[in-house]
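Number of protein chains: 2
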Amino acid sequence: MTSLLDLPTPSLLLDLDVLKRNLARMAEAVARHPGVVLRPHMKTAKNAQVADLAAQGKGPITVSTLAEARYFADHGFRDQIYAVGIVPAKLDAVAALNAAGNAVKVITDDLDAARAIAAHPGPLEVLIEVDVGEGRAGVLHDGEELLAIAAALGPRLVGVLSHSGHSYAGRSIAAMAEIAELERSRVVAAAEKLRAAGHALRIVSAGASPTAMYAGRLHGVTEMRAGVYMMGDLLQAQLGVHPLDDVAVTVLASVIGRYPQRQAVLLDAGALALSKDRSTEAAPKDWKFGRVLDLDGRPTLGEAMVVRVHQEHGEVRGEGLPLDRLPVGARVRVAPNHVCLTAAAHAQYHVLENGRLVAIWERANHW
Amino acid sequence: MTSLLDLPTPSLLLDLDVLKRNLARMAEAVARHPGVVLRPHMKTAKNAQVADLAAQGKGPITVSTLAEARYFADHGFRDQIYAVGIVPAKLDAVAALNAAGNAVKVITDDLDAARAIAAHPGPLEVLIEVDVGEGRAGVLHDGEELLAIAAALGPRLVGVLSHSGHSYAGRSIAAMAEIAELERSRVVAAAEKLRAAGHALRIVSAGASPTAMYAGRLHGVTEMRAGVYMMGDLLQAQLGVHPLDDVAVTVLASVIGRYPQRQAVLLDAGALALSKDRSTEAAPKDWKFGRVLDLDGRPTLGEAMVVRVHQEHGEVRGEGLPLDRLPVGARVRVAPNHVCLTAAAHAQYHVLENGRLVAIWERANHW
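Those protein sequence lines, which keep their order, are chains Z and L.
Residue numbers for the first sequence follow the numbering used here, beginning at 1 and rising by one.
Residue numbers for the second sequence follow the numbering used here, beginning at 368 and rising by one.
Hints were generated in silico from the structure; no laboratory data involved.
By construction, the Cβ of each residue, glycine as well, lies at the ideal position given by its N, Cα and C atoms.
Please note: incorrect hints may appear among the correct ones.
Here are a few chain Z residues that face chain L, going by a calculated C-beta distance under 7 Å [said to hold, decoys possible]:
no. : residue
1   : P10
2   : P88
3   : D109
4   : P121
5   : L341
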């Protein structure tokens with residue numbers, strides 16, 4: 001394989017050693033809870049080789065698009081939850097996957113959609129989405145809507161599902177654990193309410209990376225979903241999901257301009273290659289549009305960060321930026337604020353193992 | 368062709384009628400300046416059919432990546448400026464295009480890069496980038512660096528180039544015209560300084576959509592570059608580049624959840640399908656993550672806008688949001704804050720003419 005000096009820039013790098021550490025850390029965290037399965041969310045990685053490591057033996061996975069559902073089904077991952085509210089127009093595609101031997105489960109929080117699902121020839125299985133406090137999607141765990149939707153779904157109902165994306169705003173391990181416990185109690189209460197009404201549920205699905213990592217107990221939950229932990233990013237590091245140095249995905253970039261008068265350099269990685277995500281804006285350490293590391297992925301460039309982006313330009317500044325080491329053509333790596341968004345801008349990963357390029361892995365982008 | 372009801376969601380739509388109006392408006396604006404050529408920037412559209420309309424007869428274009436340079440060369444657009452500072456590692460690729468009969472010009476503002484360009488076997492032609500006030504890239508128009516770089520480039524130097532991206536912060540036509548005149552005076556002064564030093568320059572290239580539209584005079588400038596005007600977006604509309612209703616690119620999305628208790632709906636277009644660009648944040652009207660229109664692209668949904676995004680979820684709220692018209696499965700269109708970023712998330716355009724789907728056009732994404 002070529003070296004990092006031969007790759008075009010910008011390019012997306014995936015450090016396999018870091019990925020494996022992140023996977024092991026989460027596997028261990030979930031293993032603390034007997035009977036709870038990890039159902040990794042592939043919306044971040046969108047890649048089958050990563051899924052083979054994260055869901056070993058073609059285990060259960062979560063997906064966020066029909067494109068992912070099809071791609072992972074093609075790669076042998078039959079047990080999927082498509083964890084974005086389903087619309088009737090997408091049922092044919094899901095049922096076709098299921099008719100071909102897959103078990104792609106859909107979710108809903110809407111009575112009309114539940115009726116459409118019930119009326120569809122299938123095969124289809126459904127989870128009801130429960131709002132456990134995020135206020136994004138889902139029905140209340142103790143409301144009448146939950147029962148009405150379940151009644152409409154009938155035997156196609158197989159479980160309940162919740163997401164605690166608001167845990168991303170947590171600022172301590174205790175705060176994550178508290179959010180995890182609130183989520184657990186509410187999604188389990190929803191399941192109990194449905195079981196009391198005569199519905200047989202086999203799946204009680206919860207999770208997000210911080211809560212999967214720090215939940216104190218998960219009694220009643222059958223599985224945890226998490227995705228961003230695999231790659232990690234500058235927000236997840238500050239949430240305690242992984243150490244700051246364990247960001248597995250970085251963007252390889254070249255210096256395209258050097259400006260001593262303002263102590264800045266420009267990179268050929270801008271708004272498209274990094275995304276405009278500003279997830280660390282409210283975090284203890286604001287990394288602007290990304291932390292700039294040296295070519296080996298080490299933090300030897302002072303507090304270098306991408307402070308401003310244009311479509312194909314990223315402006316780097318920061319305390320201690322060593323301009324003498326950054327002539328035009330020099331290469332650096334940018335660790336992302338929010339890896340899901342950054343990775344989605346790229347068609348493939350250049351995979352590193354022990355610092356050497358060993359493979360190119362594709363991504364199932366788009367819809 | 369299928370109808371808008373049959374397309375998968377999210378999908379990117381391009382309204383050809385609006386595109387043509389936007390192209391005509393800019394062509395007319397630039398035609399006010401005899402001897403000034405429009406060199407459309409294809410970084411927004413990244414599509415050859417659009418280039419055929421914007422640069423008729425395979426006219427001169429601007430590109431922002433090597434991927435675009437190759438793609439447009441393959442489609443017959445030989446005269447290109449690759450308007451992002453070049454690094455030595457990319458010179459082989461550019462020279463290969465030129466050896467095949469193209470004229471892809473590169474830009475630099477760096478003495479070391481200029482020496483590398485001069486030492487390369489070529490064929491290569493170069494413009495020096497001049498900073499006219501944006502403070503992003505470029506040398507000063509009246510500094511010694513300009514002359515040193517020119518001397519290093521020797522006969523490969525064919526012009527100077529400036530960009531006034533700071534015109535995006537302008538808030539009146541008078542302000543745009545003032546920025547345009549400052550840019551003109553500085554880039555022309557740079558050209559004159561180089562000519563006085565014995566360099567023959569045939570290109571004095573300036574521009575950005577707002578300044579191309581509103582420049583009062585362009586004496587000494589040979590060409591204007593602009594790109595986002597073709598498609599338009601919610602920021603450009605507020606800069607007066609086009610009417611608010613002339614946004615040619617929208618994202619088709621489905622309602623995936625309806626929440627009367629908080630007067631909101633969720634769409635299946637979120638951070639990936641719309642981007643996280645917040646360009647209108649500081650504009651007179653902040654459209655958050657995009658303006659929500661009905662399926663015909665008309666503003667009949669009150670002040671509906673996407674107020675919050677997650678990876679595949681967009682939450683819509685706004686004064687007068689008609690929830691009764693937005694059940695799960697209903698389809699809407701989202702006009703983007705910043706079309707360059709939104710379009711880049713999609714592999715292709717679904718092209719509409721007189722409201723009917725007539726074609727699918729690809730995009731030359733990535734690098």
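We went through each hint and held it up to the structure:
1. Contact between P10(Z) and chain L, as hinted, is supported at the beta carbon level, the nearest pair being about 6 Å apart and thus within 7 Å.
2. Proximity of P88(Z) to chain L holds as hinted, the smallest CB-CB distance being about 5 Å (cut-off 7 Å).
3. The restraint placing D109(Z) at the interface with chain L holds, with a minimum CB-CB distance near 6 Å, inside the 7 Å limit.
4. The interface hint given for P121(Z) is broken, as the beta carbon of that residue sits about 18 Å from the closest beta carbon of chain L, more than 7 Å.
5. A distance limit of 7 Å between C-beta atoms decides the matter here; for L341(Z) the minimum to chain L is near 6 Å, and the interface restraint holds.
Violated hints amount to a single one, hint 4; each of the other numbered hints is respected by the structure.
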